[in-house]
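K.L.:
Protein chains in written order, with the numbering used here: chain P, 1 to 110; chain E, 1 to 877.
The hints are simulated quantities; they were obtained by calculation from the structure and are not laboratory data.
All values derive from a computational prediction rather than experimental measurement.
Careful, some of the hints might be misleading.
[Said to hold, decoys possible] For lysine-lysine, the following DSBU-like pairs were computed, each having C-alpha atoms within a straight-line distance of at most 35 Å:
1) P/Lys19 with P/Lys33
2) P/Lys33 with E/Lys64
3) E/Lys64 with P/Lys19
[Unchecked claim] Negatives, chain E to chain P, calculated, CB over 12 Å:
4) Arg6
5) Met24
6) Gly67
7) Ala132
8) Val246
9) Ala320
10) Gln700
[What the hints assert, rightly or not] Derived, one-sided and incomplete: chain E residues facing chain P with beta-carbon distance under 8 Å:
11) Gln5
12) Glu23
13) Glu27
The C-beta atom is built at its ideal place from N, Cα and C for all residues, glycine as well.
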Amino acid sequence: MLDAQPDLLQGTLDLLILKTLEPGPLHGWAISKQIQLTSRDLLTVNQGSLYPALYRLEDRGWIRGATSVSAQGRRVRAYHLTGAGRRQLGREVETWRRFASAMQYVLATP
Amino acid sequence: MDWIQRWSRRIAHFFRRAAVEREMDEEMRHHVESEIADRIARGMAPDEARRTALIAFGGVERFKEEGRDARWGRLLGDLSQDLRIGLRTLRRNPGFTAGSVLTFALGIGAATAIFSVVYGVALRPLPYTDPARLVTLWERDTSHGGGVNVVAVPNFEAWRDRSGAFSGMAALVPQSATLMGAGQPERASGALISPGYFALLGVPPAMGREFTPEEGENGGADVVMLSDAFWRRRFGGDPSVVGKTVMIGGRAHAIVGVMPRTFEPPSFFWLGQQDLWFPFGATAGNRSWGRFLLVVARLRPGVTLNQARDEMARLARQRAAEDPTDRGWSVTAVGLGQEITGDVRASLFVVLAAVGLLLLMAMVNVAALTLAFARRREHEYAVRRAIGATRPRLLRQLLTQSGLLGIVGGAVGLVTALWGVRALVLLLPTDTPRLTSIHVDLPVLLFTLGGVLLATLVFGGAGVTGSTRGVQALHRGSPGRVTSGRGAGTLVVTEIAFGLVLSVCATLMVRSWVALRAVDLGFSTQGVVAARIALSGGDRYATPDQQRAFFAGLLDQIRALPGVRTASVMSIRPFGGPGPATSVADPAQPLAAGSVPPVTDVRVIDPALFSTLQIPLLAGASFDSRQAPGAPPGVIVNRALVRALGFPVDGAVGRRVALDMYGGITPRIVGIVGDIHLMDQRTSPRPTAYLSAVQFPSTQADLIVRGDGDPGRLLAAVQASVALLDRGIPVYDGAPLGQVIDSSLARDRFTTLLLSGFALVALLLAAVGVYGVFAGEVARRRREMGIRLALGAPAGMVVRLIVRQGIGRAALGITLGAGVALLLVRPMVPIMFGITPTDPASFAGVAILLLGVAFLATAVPALVAARVSPLEVIRAE
Numbered sequence: 001m002l003d004a005q006p007d008l009l010q011g012t013l014d015l016l017i018l019k020t021l022e023p024g025p026l027h028g029w030a031i032s033k034q035i036q037l038t039s040r041d042l043l044t045v046n047q048g049s050l051y052p053a054l055y056r057l058e059d060r061g062w063i064r065g066a067t068s069v070s071a072q073g074r075r076v077r078a079y080h081l082t083g084a085g086r087r088q089l090g091r092e093v094e095t096w097r098r099f100a101s102a103m104q105y106v107l108a109t110p
Numbered sequence: 001m002d003w004i005q006r007w008s009r010r011i012a013h014f015f016r017r018a019a020v021e022r023e024m025d026e027e028m029r030h031h032v033e034s035e036i037a038d039r040i041a042r043g044m045a046p047d048e049a050r051r052t053a054l055i056a057f058g059g060v061e062r063f064k065e066e067g068r069d070a071r072w073g074r075l076l077g078d079l080s081q082d083l084r085i086g087l088r089t090l091r092r093n094p095g096f097t098a099g100s101v102l103t104f105a106l107g108i109g110a111a112t113a114i115f116s117v118v119y120g121v122a123l124r125p126l127p128y129t130d131p132a133r134l135v136t137l138w139e140r141d142t143s144h145g146g147g148v149n150v151v152a153v154p155n156f157e158a159w160r161d162r163s164g165a166f167s168g169m170a171a172l173v174p175q176s177a178t179l180m181g182a183g184q185p186e187r188a189s190g191a192l193i194s195p196g197y198f199a200l201l202g203v204p205p206a207m208g209r210e211f212t213p214e215e216g217e218n219g220g221a222d223v224v225m226l227s228d229a230f231w232r233r234r235f236g237g238d239p240s241v242v243g244k245t246v247m248i249g250g251r252a253h254a255i256v257g258v259m260p261r262t263f264e265p266p267s268f269f270w271l272g273q274q275d276l277w278f279p280f281g282a283t284a285g286n287r288s289w290g291r292f293l294l295v296v297a298r299l300r301p302g303v304t305l306n307q308a309r310d311e312m313a314r315l316a317r318q319r320a321a322e323d324p325t326d327r328g329w330s331v332t333a334v335g336l337g338q339e340i341t342g343d344v345r346a347s348l349f350v351v352l353a354a355v356g357l358l359l360l361m362a363m364v365n366v367a368a369l370t371l372a373f374a375r376r377r378e379h380e381y382a383v384r385r386a387i388g389a390t391r392p393r394l395l396r397q398l399l400t401q402s403g404l405l406g407i408v409g410g411a412v413g414l415v416t417a418l419w420g421v422r423a424l425v426l427l428l429p430t431d432t433p434r435l436t437s438i439h440v441d442l443p444v445l446l447f448t449l450g451g452v453l454l455a456t457l458v459f460g461g462a463g464v465t466g467s468t469r470g471v472q473a474l475h476r477g478s479p480g481r482v483t484s485g486r487g488a489g490t491l492v493v494t495e496i497a498f499g500l501v502l503s504v505c506a507t508l509m510v511r512s513w514v515a516l517r518a519v520d521l522g523f524s525t526q527g528v529v530a531a532r533i534a535l536s537g538g539d540r541y542a543t544p545d546q547q548r549a550f551f552a553g554l555l556d557q558i559r560a561l562p563g564v565r566t567a568s569v570m571s572i573r574p575f576g577g578p579g580p581a582t583s584v585a586d587p588a589q590p591l592a593a594g595s596v597p598p599v600t601d602v603r604v605i606d607p608a609l610f611s612t613l614q615i616p617l618l619a620g621a622s623f624d625s626r627q628a629p630g631a632p633p634g635v636i637v638n639r640a641l642v643r644a645l646g647f648p649v650d651g652a653v654g655r656r657v658a659l660d661m662y663g664g665i666t667p668r669i670v671g672i673v674g675d676i677h678l679m680d681q682r683t684s685p686r687p688t689a690y691l692s693a694v695q696f697p698s699t700q701a702d703l704i705v706r707g708d709g710d711p712g713r714l715l716a717a718v719q720a721s722v723a724l725l726d727r728g729i730p731v732y733d734g735a736p737l738g739q740v741i742d743s744s745l746a747r748d749r750f751t752t753l754l755l756s757g758f759a760l761v762a763l764l765l766a767a768v769g770v771y772g773v774f775a776g777e778v779a780r781r782r783r784e785m786g787i788r789l790a791l792g793a794p795a796g797m798v799v800r801l802i803v804r805q806g807i808g809r810a811a812l813g814i815t816l817g818a819g820v821a822l823l824l825v826r827p828m829v830p831i832m833f834g835i836t837p838t839d840p841a842s843f844a845g846v847a848i849l850l851l852g853v854a855f856l857a858t859a860v861p862a863l864v865a866a867r868v869s870p871l872e873v874i875r876a877e
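Only chain P is shown next, with the shape it has when bound in the complex (with noise of 0.2 Å):
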């Protein structure tokens, strides 16, 4: 689990979110519910981490946060992928696949 080992894949949780906010925009709890069940309840987000994650990639100029006012009358933070995030997502999944292919190879060699 994600939150048990923190210093694990330095940016797998950035990829995680930008993946989670490919269809549209989300808050963030529902980033970490989201990561969560589309992970089948393997990847738990620390959640309180999950927000200098958000900060980080908002400063990178990657996803922007805009406050809107939600069906219950309060205000609530969403956060959308840039162009400049979608180009890093793009990127970031080929490294990821590079990088998981690779360890298969390894891993499969006896």
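Based on these hints, arrange chain E on the given structure of chain P.
P.N.:
What follows is chain E alone, placed relative to chain P:
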């Protein structure tokens, strides 16, 4: 540019950080609440849901901190934190803060003020087109080893027509004139200029036009150009003044142009204030007048000053072959900027160097303060290192703190400088070139900023070396037990060395000043006033008889005034600037081939001059009725001229001398008088010949009057006597003669005063610095002293121990300082008088003074140390 966007986002976040904080708060709260709702929905009890959700979320503050780092970058966050810590620290240590800020402000203030003067006078480019290509051309009397000399008309014409190195050349002659018309007659000064002179400088008139070449023909047409200031004052800024006529010296002159307000006329040699310009033209007459022109030229693009000098030397050789009066003369070219500021440069740069040293001393003092301050907190820094602060982080914090000190000190210093510049301009001699271009502006502010940056690094550096050595400080035990004394000794040595250098410079200047004041001028100024008059009024004073009659009547009238003892006239008063000079020879003894005759100053006087100025008559008599108009002329010579001609003093009266003036005259010597300093105190009296004003009358002269009582009243009475004879004659430049002499030393007084002031401040800084270091040292060694005393060391020994250390360091500082001073006084040679720059007495005196300062500054803390109660110290451990 990604990083620009990122940083603008960060800065935007930083400035609305309250809102950003609130958003983060809201967002995280929303997260936790959503999580709780989710857990309840999955069947958890509400209390349990809240508890587990909060635990799952973790430390809110830590995430916010990480969020802040991500939001505006660690640097910005740290900076604001460091600023807060720095301000708090400085506020809590008012003694340290005030000491540092004041010392620094003093240093940077004094340095900025002096730099703005030096920049304004010597460094700011002249306000002309491409000023670096403007040069002045001079003749040089090489056969007499003479310096630069003004230029003869035929030589100017030859240079202008034959040289290829210059794109333009213009001649100037100072010329003052009397303006008549509405109101008081007014004497205004200005110059005759070759047409094209203003174009040569690259400054076109603001109104009207410059002189045409035709206006420069036949000695110049009756046209005039005005300075902006004169146009505003005399003509009320009349916009239609061009084309009007004005009466100048009895002749109607047409005003053809007005120069712009920003125009700074080059003033050098005998060109001073300029309000009027007239066209200059060569005539058969002025070609034979000898040397009297100033020449300004512009180097052709690509031609260097040295190439121009070579060409001019070649032209000079040509001229010497053509004209016997040019034999033994050569030509030299000097940059216009150097010519204008030449003789003040030396003293200004000495003052600038001195103030630079003062600034360094101030910084060393602040560094000492910072070091002591940091040392007191060494324990605190060690603890901070131990619990995780990184070294760069601590460095940044210390630099921020010293940056704050630098900024506050710089701001106070700038205010000091603004005030100081105003004081300096008042203190500067009024004939300082380019006085009006002195102000605090961009280059000066950049200088200040540089000082602040440098000082910040110095303060910070001092604190850092002493304070971040780290955890090992903890090993040394309890706070206050730190034993390193490194750094402090160096500071003492530096302070004493700098103090010595400045004090030596000041002492030399003071002694040079005293020597200048003590020069025996050869005449007395006691009760003497001088005022200049110029006869003007059409043809009323056109003939020698009219001029003679006027002066005779005027002198009779002044002599009859109550309180007047003697009254006289002199063509140019002593210390009244350069006057005519000519070659002189013994007509009985033809000059040996190849040798060059001596040169003498010539003054036209009334014989009462010698009694008025109390110049002793050594042989013969003064002028009397025998020197009547039309009679063979007589001359009175000074002892220097007798010696230059090789005459015996007791056999010279009655002999003739040949003067190359008035078309060549050979007057008989009627008397010999004592030597006087005619121009300045520095050079020894020159050969001087006095001619009778009765035989050689002119329209201009200085009235020299000795009387009793108030000089102001005497001057007013003289002025009234002139007005009684002719209301149209202006009386100007009236002043007590003593004051004229004094103001000739204004520049030396300025340098002496400033250097003395700097030396006093330097001594004070050295005393405070040494005291501070030793007070710190004593505090640090309190325990050691206590133990020594407890073990039976006599109090006197403890005192000796500390004082000996202080004196040792001071002696080292004095030795080093003396070495530096020996190098630094060399540029002061041109401004010193009557003293060698290595004067042993000055060095020894200052060394003793500094030893005294060091002794006092260490004895006081040493006595405190000796009074330590051993019991108290040991118990405190």
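K.L.:
Would you mind marking each hint as holding or not holding in the structure?
P.N.:
Consistency of the hints with the structure:
Of the supplied pair hints, the one linking P/Lys19 and P/Lys33 holds, its CA atoms being roughly 13 Å apart against a limit of 35 Å. At roughly 21 Å between alpha-carbon atoms, P/Lys33 and E/Lys64 fall within 35 Å of each other, so this suggested pair holds. Simply put, E/Lys64 and P/Lys19 have alpha-carbon atoms about 24 Å apart, close enough for the 35 Å limit, and the pair holds. Distance to chain P contradicts E/Arg6 as a non-interface residue, since its nearest Cβ pair spans about 6 Å, not more than 12 Å.
Residue-level check failed: E/Met24 sits 7 Å from the nearest beta carbon of chain P, not beyond 12 Å. Against the 12 Å criterion, E/Gly67 falls within the reach of chain P, whose nearest CB is about 5 Å from its own CB. Against the 12 Å criterion, E/Ala132 stays outside the reach of chain P, whose nearest CB is about 51 Å from its own CB. Annotated as non-interface, E/Val246 keeps its C-beta farther than 12 Å from every C-beta of chain P; the closest such distance is 74 Å.
Taking the minimum C-beta to C-beta distance to chain P, about 81 Å, the non-interface status of E/Ala320 holds against the 12 Å cut. The claim that E/Gln700 lies off the interface holds: its Cβ sits roughly 82 Å from the closest Cβ of chain P, which is beyond the 12 Å cut-off. About 6 Å separates the beta-carbon of E/Gln5 from the nearest beta-carbon of chain P, less than 8 Å, and the hint is met. With its C-beta approaching chain P no nearer than about 6 Å, E/Glu23 sits inside the 8 Å limit, and its interface hint holds.
Taking 8 Å as the C-beta contact cut-off toward chain P, the hint placing E/Glu27 at the interface holds, the least distance being around 5 Å.
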